[in-house]
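Undergrad: Now for the letters of each chain:
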Amino acid sequence: MTWPGFSALSAAWLFALLAPLILFYFLKLRRPRVDISSLALWRQVISDQRVNSPFQKFKRNLLLLLQILLLCALTLGAMQPFWPSGADRAQNIPVLIDCSASMGALDQPGGTSRLDAAKAEVTKLVNNLLPNQRLSLIAVDNTARRLTDFTDNQRVLLEALNGLEVRPVPSRMEDGLRMAQALTRMAAVQTVVLITDGNVPKDIDFELPFRLTYQKLPPAGPNLGITDFNARRTKTGWDVFARLDGSAGMQGLVEVELFRDGESLKRESVTVAADEAARLAFQIEVNQAASLELRIRPDGFDSLDIDNRAFLELPAPRPLMVYCPTELSSYRHALQAMKDLDIYPREGDADPAAVDLRFTDQPLNSGPKARVTVHTGVIPEDVQGLVSIEEDLVDVVDWNRTSPLLRHVQLLDVQIGDNPVSQPGVGERDYELAGYEVLAQGTKGPLILEKPSNTGVDYFLLFHTDHSSLPYRVGFPILVANAAQIALERAALSEAKSWPTGTLPPQKVDADAEFTIDEPSGHREAMRSTSDGTLSGVAATDTGRYVIRQGNDTVAALGVSLLAASETQLGTVEKLQFPETSVTTSSELVRTDRPLWGWFAWAGMALLLGEWWYFQRRPGGVAV
Amino acid sequence: MPTAQYTSLLDNATLARVERMRLLPVRRLTNRSRGEHLAGKGGTSTEFHDYRDYAAGDDVRYVDWNIFARIQRPYLKLYRHEEEMHVVILLDASASMQFGQKFTRAKQLAAAFAIMGLMNVEKVSIYACQHAGQTPLLLPPCTGRISLRRVLEFLETIPTGGDFPVELAVEEVLKQHRGRGVAVLLSDFLTFGDLERPLNLLFSAGLEVCAVQLLTPEELRPDVTGDVRFVDSETGRTIDVSSAGELLGIYLDHLTALQADLATMCRQRSGRFLALDAETPIEAILFDVLRRRGWAR
Numbered sequence: 008m009t010w011p012g013f014s015a016l017s018a019a020w021l022f023a024l025l026a027p028l029i030l031f032y033f034l035k036l037r038r039p040r041v042d043i044s045s046l047a048l049w050r051q052v053i054s055d056q057r058v059n060s061p062f063q064k065f066k067r068n069l070l071l072l073l074q075i076l077l078l079c080a081l082t083l084g085a086m087q088p089f090w091p092s093g094a095d096r097a098q099n100i101p102v103l104i105d106c107s108a109s110m111g112a113l114d115q116p117g118g119t120s121r122l123d124a125a126k127a128e129v130t131k132l133v134n135n136l137l138p139n140q141r142l143s144l145i146a147v148d149n150t151a152r153r154l155t156d157f158t159d160n161q162r163v164l165l166e167a168l169n170g171l172e173v174r175p176v177p178s179r180m181e182d183g184l185r186m187a188q189a190l191t192r193m194a195a196v197q198t199v200v201l202i203t204d205g206n207v208p209k210d211i212d213f214e215l216p217f218r219l220t221y222q223k224l225p226p227a228g229p230n231l232g233i234t235d236f237n238a239r240r241t242k243t244g245w246d247v248f249a250r251l252d253g254s255a256g257m258q259g260l261v262e263v264e265l266f267r268d269g270e271s272l273k274r275e276s277v278t279v280a281a282d283e284a285a286r287l288a289f290q291i292e293v294n295q296a297a298s299l300e301l302r303i304r305p306d307g308f309d310s311l312d313i314d315n316r317a318f319l320e321l322p323a324p325r326p327l328m329v330y331c332p333t334e335l336s337s338y339r340h341a342l343q344a345m346k347d348l349d350i351y352p353r354e355g356d357a358d359p360a361a362v363d364l365r366f367t368d369q370p371l372n373s374g375p376k377a378r379v380t381v382h383t384g385v386i387p388e389d390v391q392g393l394v395s396i397e398e399d400l401v402d403v404v405d406w407n408r409t410s411p412l413l414r415h416v417q418l419l420d421v422q423i424g425d426n427p428v429s430q431p432g433v434g435e436r437d438y439e440l441a442g443y444e445v446l447a448q449g450t451k452g453p454l455i456l457e458k459p460s461n462t463g464v465d466y467f468l469l470f471h472t473d474h475s476s477l478p479y480r481v482g483f484p485i486l487v488a489n490a491a492q493i494a495l496e497r498a499a500l501s502e503a504k505s506w507p508t509g510t511l512p513p514q515k516v517d518a519d520a521e522f523t524i525d526e527p528s529g530h531r532e533a534m535r536s537t538s539d540g541t542l543s544g545v546a547a548t549d550t551g552r553y554v555i556r557q558g559n560d561t562v563a564a565l566g567v568s569l570l571a572a573s574e575t576q577l578g579t580v581e582k583l584q585f586p587e588t589s590v591t592t593s594s595e596l597v598r599t600d601r602p603l604w605g606w607f608a609w610a611g612m613a614l615l616l617g618e619w620w621y622f623q624r625r626p627g628g629v630a631v
Numbered sequence: 084m085p086t087a088q089y090t091s092l093l094d095n096a097t098l099a100r101v102e103r104m105r106l107l108p109v110r111r112l113t114n115r116s117r118g119e120h121l122a123g124k125g126g127t128s129t130e131f132h133d134y135r136d137y138a139a140g141d142d143v144r145y146v147d148w149n150i151f152a153r154i155q156r157p158y159l160k161l162y163r164h165e166e167e168m169h170v171v172i173l174l175d176a177s178a179s180m181q182f183g184q185k186f187t188r189a190k191q192l193a194a195a196f197a198i199m200g201l202m203n204v205e206k207v208s209i210y211a212c213q214h215a216g217q218t219p220l221l222l223p224p225c226t227g228r229i230s231l232r233r234v235l236e237f238l239e240t241i242p243t244g245g246d247f248p249v250e251l252a253v254e255e256v257l258k259q260h261r262g263r264g265v266a267v268l269l270s271d272f273l274t275f276g277d278l279e280r281p282l283n284l285l286f287s288a289g290l291e292v293c294a295v296q297l298l299t300p301e302e303l304r305p306d307v308t309g310d311v312r313f314v315d316s317e318t319g320r321t322i323d324v325s326s327a328g329e330l331l332g333i334y335l336d337h338l339t340a341l342q343a344d345l346a347t348m349c350r351q352r353s354g355r356f357l358a359l360d361a362e363t364p365i366e367a368i369l370f371d372v373l374r375r376r377g378w379a380r
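Chains as they are written, first to last, in our numbering: chain A, 8 to 631; chain B, 84 to 380.
For reference, chain A alone in the conformation it holds in the complex:
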């Protein structure tokens, strides 16, 4: 059985006022003296049986009793009693509030969103704060934002809470938990409260240094949304693909409409089966850049609107720009067999500053910049301590047949004159730690390495192909064609896709240059590219079209959509799994100690009014 507690027990000294209260009451009973002829009758009145009843005895001292009760009520109120909820009465409580995309889902048509439900729960928490408790509100989506410091100022907390909005991004808890952990350096934190709809990753890579109270909100209604939107170039245009996913049990008719540059292009109705994704395909003929928008309108209640629109930017067609020195004749020969390539260097044209694909046998940082670079006979600097080249014949022992570069490339029986030999004790793990993936392995070391970068990928053939029989094998032109295909994809010339909300993909641009990013909301942000020509870290928290400009020139246009199956499916997890522990959702709503001082204050007011009424009303007695 729980007993009420008291936050301000020291206020119990007010009970000592009972002594003077009772003393003054009886002193006050120096009643007015009334001289009468005889007490004979009055003594009989007092001795009357009716007067001796307990109620009459009670009535004689009713005023004292009322005043004692009033003092007790005020003293108990001052002691700030509370009914313990069983939750820890922690002093500093960080509250993580999920405001990812799924929190915008409604529970019923015209109902409240999950975020509004979370706000209501946090509001209860704020209103029931005990005197020594403080809250810090943290908004969590794909990152974390601290809304308030630790405070007990209800106005500040409620203002910050009311300003919270849903962001169309998937949820990621680690940043929020890390922020809560950082707060432990400022104040003692024992418990952190997480309020979410449960649509969070089940496995969280974070070691909990505090107790986490996982409060799951009631579920939202059914939802259907777009989880993928991409296109592949064809000879005459593009094949556009979309994928629709829904929450558990969601099914029914959906009207799908495709817009190009704001004009409706196609419209059709699709039937979505329960627990099955629907795949849509459109063919459009366009030979210039275009902005596509896909909209769906489910027939029936759809709880989340954010995922009903997707955006895709189709680039204008152009040839793939390739830089291949004339010395690498085997590569140039293979490239010339391909179509839609501009191969540099070429007579009459200056070398471009940047190309899509570059072949080189020279050290790094030479030649035009490229998204995809194939280095032949070059050992990168950060690997030179791990491997050395010996003049020895070596065969290919194994290679990654699924790698985009080596797909359909047969390396068996290829003779290689440069034998890369790993240093003693160096294994494949060391190359991975250096950021490289081993695509082909020789007898004593790697033969081909892949290193992805922010904007592209570099392939290192540690042996020079001219020192091998590879150019004479069938696989060599296939390898070159694979490199060209990778460059096509990187340059978005063969494929286009809608990017998920969060941040824009890094862009390969001019180094140390100023750029502006036009966001769908109309806001314009200015950024500067890095010294290596990378523009990255552009926040994309709204769905729509983002345009990157350098001056008046459009550098890139990107369509951003939610495209998060986890958010669209509104799946929930009951248990969060941490590396060393797990946290189960609390079956109750947010539990707080319930302050009781208000009840005692109202009781005191009622006693005061009752005392005033009883002793001010017209006395009864004999009618004159």
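Keep in mind the hints are simulated off the structure, nothing from the lab. One should not assume that every hint holds.
Stated by the list, open to error - Using C-beta positions, here's what the derived DEER-type ranges look like:
#1 B:T321 - A:L16: 42 to 48 Å
#2 B:L303 - A:I29: 33 to 39 Å
#3 A:R40 - B:T339: 24 to 30 Å
What the hints assert, rightly or not - Covered stretches of chain B, as calculated for chain A (at least 3 residues, CB under 8 Å):
#4 334-347
#5 369-377
Here the structure is a predicted model, which is why all the values come from computation and not from measurement. Glycine included, every Cβ here is placed at the ideal spot set by N, Cα and C.
Keeping the supplied structure of chain A fixed, place chain B upon it in accordance with the hints.
TA: Frame of chain A, contents of chain B only:
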């Protein structure tokens, strides 16, 4: 030129009217002495009562000569006997009678009853009981109009204030009094003691009790509220009463019961009881209330 008042107790007009009034006791409790005493003791009534045949030896002064002249036979006139009734007035002069007009009215009523007795050639004696343990102030029995001045002066000068309970006063009076008649008790009868015993004593002494309870309006209809401390004017004792206003109904019930008990006890002893508001004008009491109640005519 205003006429000088004969007494401060009653104005002259009232006095004149009272002189013509007579007490009407329920039972004429008289003394054994008859009007046959020719020494002047006893009284001779002139009130014709009846005739009887003359018998040898009867006093010829009582022969009706008019009838003899008509029928030539002598008949003797019979007159009512001079029944000597003692009017004992017992006046409560304790401190409780100081409130309001109680004592004034009591003295006025005492004067009126005394005058009625004197004018009816009855013995009148007045006892004023003041302090317990002390002998009551006594006006010895007197008769006739000649005693009027003495009676009024005695009543005018009676002091008040004391703690003589009425039941003890009655006992003290009966220690001194001799004679049957009417005992007029003028008091508020607010006593802790038992009133049945004194009334029994009076009845046993051959005195018809005529009890008059005088109460002030504050005693009849108290107007007190809240928490008060009542102080007894005679004993000085106190009693604390809370929410006095709530108890007025009970008080009234007890007062009514007291009056009912007194009336019953008096009636059971062939007496009378009258409760009066001391603020009632004396004229109304004498010429209205007493007559309607049959106490006097």
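Undergrad: If a hint holds in the structure, say so; if it doesn't, say that too.
TA: Cross-check of the supplied hints:
Taking the beta carbon of each, T321 (chain B) and L16 (chain A) are about 45 Å apart, inside 42 to 48 Å as hinted. For the pair L303 (chain B) and I29 (chain A), the supplied restraint of 33 to 39 Å holds, since their beta-carbon distance comes to about 38 Å. Evaluation of the 24 to 30 Å hint for R40 (chain A) and T339 (chain B) yields a pass: the beta carbon distance comes to about 27 Å. For the segment 334-347 of chain B, the stated coverage by chain A is satisfied: 5 residues place a CB nearer than 8 Å to a CB of that chain, which reaches the threshold of 3.
As drawn, the segment 369-377 of chain B meets chain A at 0 residues by the rule of a beta-carbon pair under 8 Å; below three, the given contact is violated.
Of the numbered hints given earlier, the model fails hint 5 alone.
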